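**Student:** Residues per chain, in single letters:
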Amino acid sequence: MLTDILIMTGSLTLGIAIGRFTGLVIPSDLITLILMLLVFLVGIDIGREEGILSKIKMNIRHILIQSLLTIVGTLTFAFILSFFLPYSPKELIGAAAGFGWYSLSGVMISQLYSPLLGTISFISNVFRELISIIFIPILSKINQRAAISLAGATSMDVLLSLISKSTSKKNTLIAFGQGVVLSLIVPIMISIIFL
Amino acid sequence: MIILLMIILAFSIGMLFGLKKRLNFLTRFKILPILTCILLFSMGTEIGTSEEIFSNLTGIGFHAFLIALFATAGSFIATFIYTRLFSKTEEDERVD
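For the protein sequence lines, the chains are W and Y, in the order given.
Residue numbering for the first sequence follows the numbering used here, beginning at 1 and increasing consecutively.
Residue numbering for the second sequence follows the numbering used here, beginning at 196 and increasing consecutively.
Simulated from the structure, these hints should not be mistaken for lab results.
Keep in mind that a hint or two might mislead.
What the hints assert, rightly or not - Label pairs and their computed distance ranges (CB to CB): (1) Ile-226(Y) / Phe-84(W): 38 to 48 Å; (2) Asp-29(W) / Asn-219(Y): 25 to 35 Å; (3) Leu-280(Y) / Phe-84(W): 24 to 34 Å; (4) Lys-170(W) / Leu-252(Y): 36 to 46 Å; (5) Phe-79(W) / Arg-217(Y): 38 to 48 Å; (6) Arg-279(Y) / Thr-13(W): 37 to 47 Å.
Since the model is a prediction, treat every value here as computed from it, not as a measurement.
The beta carbon of each residue, even a glycine, is placed where N, CA and C say it ideally should be.
Let the hints inform the model, and build the full structure from the sequences given.
**Tutor:** Right, dumping it as structure tokens:
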């Protein structure tokens, strides 16, 4: 998990350095194409999970409620934050709508809205993942479902093993479902917000 | 709008392939992490070439941290309140 974060931070830093010194800009059509490929592969990744449909079906009510609560909580607090920061509610809600999926949210918002907000969204979703790594084990002792909601879309992959260590089997499954639902919703929500 | 449709389409087709256990080999070659790195790299070049972003990185970082803090706090509080109000049995799932 930490190696992943290091490699990804490394790619980003390398990009910043090369952009800074050579002025290289990647064509946006190419980025869109890579984004589509990414979403396509995530789709395969979810679909190939053994017995995924029946697993989700069994707990569908819990999964949908859990996802809804995560969305409502995140977006409401992002809206509240807009009273204190120099950004519009739309910008903050959009930035928070990555739900931890920083690669997708950052790039999408850069493409659809502005590179500045894309960067903010990217960094804030990296922070969301880090906060989750630190606090899920602690908060799950108070309330497992509430702890899982921290992870947002990453509860399906990056944070799933951590969640399975800190919560019950049933809640781990709900966490996985939350990740699936949010991974589908993130790109849709961001493209609607910045339409 | 087009991008939205394309995303839904890409995701659905991908999931369909996954369910049919086709193209599984694609996930074996770590294409996903490589794509993610390419995206992050391109994101980096955008940050590097933009004076507006580059010269304000610390301020931007602080704001981003606040967004993450509020987002996670909001999620926790919303779910916490709901489980306390509506689901007594789910609390029994606690392992401690």
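**Student:** All the hints need checking, so say for each whether the structure fits it.
**Tutor:** These are the hints, each one checked on the structure:
For Ile-226(Y) and Phe-84(W), the Cβ-Cβ distance of about 41 Å falls inside the hinted range of 38 to 48 Å, so the restraint holds. Judged by the Cβ atoms, the range 25 to 35 Å given for Asp-29(W) and Asn-219(Y) holds: they are separated by roughly 29 Å. One distance hint, 24 to 34 Å for the beta-carbon pair Leu-280(Y) and Phe-84(W), holds here, with the actual separation near 28 Å. Range check, Lys-170(W) to Leu-252(Y): Cβ separation about 42 Å, and the 36 to 46 Å hint holds.
The hint said 38 to 48 Å for the Cβ distance between Phe-79(W) and Arg-217(Y), and at roughly 42 Å that hint holds. For Arg-279(Y) paired with Thr-13(W), a C-beta distance near 43 Å keeps the hint of 37 to 47 Å intact.
Consistency note: the structure conflicts with none of the earlier hints.
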